[in-house]
Amino acid sequence: MLVGVSLSSLKEGRWYEHVVRFALGGAATVATGLIARGFGPALGGLFLALPAIFCASATLISSHEIRRKREAGVVGVRRGQQAAALDAAGAALGSLGMLAFAVCFLLLVRHSVALAFVTASGAWLAVSVCAWWTRQHCRAALRRRAAESSRAGRARIPPSTKSYSHAGAPRR
Amino acid sequence: MTEYLIRFVIGGLVVSAFAVLGDVLRPKSFAGLFGAAPSVALATLGIAVGVHGADYAAIQSRSMMFGAIALAIYSIVVCQFLMRARMRALSASLLAIAVWLITALGLQALFPGGA
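Protein chains in written order, with my numbering: chain A, 1 to 172; chain B, 1 to 115.
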């Protein structure tokens, strides 16, 4: 599956959603600083990976999907859950990238701060994208294998039975 | 006070930038990568290096590794809550914060280090 850009999702969003994200991001950064000051940098560092922003993002994605379905005259609660679950699956892969970011930053920050930031950001992007790409290929391979095995299963059924499988048992 | 105001503005801007990137990118599973972007880390570590020095930022990034592992488990739990328990996105993501906290603090207690 190709990666693309869709600007239409920006139009779907409400202005206050951007304010909520800005406020949450700012609050998470301030809270991390306060925790580090109160309990030391080791404990404060944990909160650099706090999923506070994820909560807002997943909720917004879900509500956008529900709203889109409602406008089409369908109850979209399940679709909203699925969209948020897809976002969570992406975040799980992205957390591998975040781990790579932390490792690179830890190894390099004492030598060169600029190099640490550049390398760690590059490592985050590379690891996240590779993890996503690997997942996509594994899923595609599994789907292909499942399709092939069901095709092979159909081919093994004798022709007389095969016609029954579609039309049902013959009437006597 | 000024330091925290700067933290708030920088943190808000970096998080918003990653959030907009996540909004416009398709497919959704790829956009989800930006839900785990090190946005708060970029803002916090930048300020930590400037104010406290590289050693302080190194201790924070060591702990961030535990936070990232906890985030991976958190994301999987949220996925299960949504798909199997059919919970709403807000309640699933908020409830799973407990999982993140237990994992992150547990790992920090198992492998103590830093200040």
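For the record, the hints were derived by calculation from the structure and aren't laboratory data.
Since this is a predicted model, take the numbers as computed values, not measurements.
Among the hints, a few may not be true.
[Claimed, not checked] Here are the simulated lysine-lysine pairs, BS3-like style, with alpha carbons at most 27 Å apart: (1) Lys11/A to Lys69/A; (2) Lys11/A to Lys28/B; (3) Lys69/A to Lys28/B.
Verification of the hints:
no.: 1; hint: Lys11/A to Lys69/A; in the structure: 16 Å, holds
no.: 2; hint: Lys11/A to Lys28/B; in the structure: 17 Å, holds
no.: 3; hint: Lys69/A to Lys28/B; in the structure: 17 Å, holds
When each numbered hint is compared with the structure, no violation occurs for any of them.
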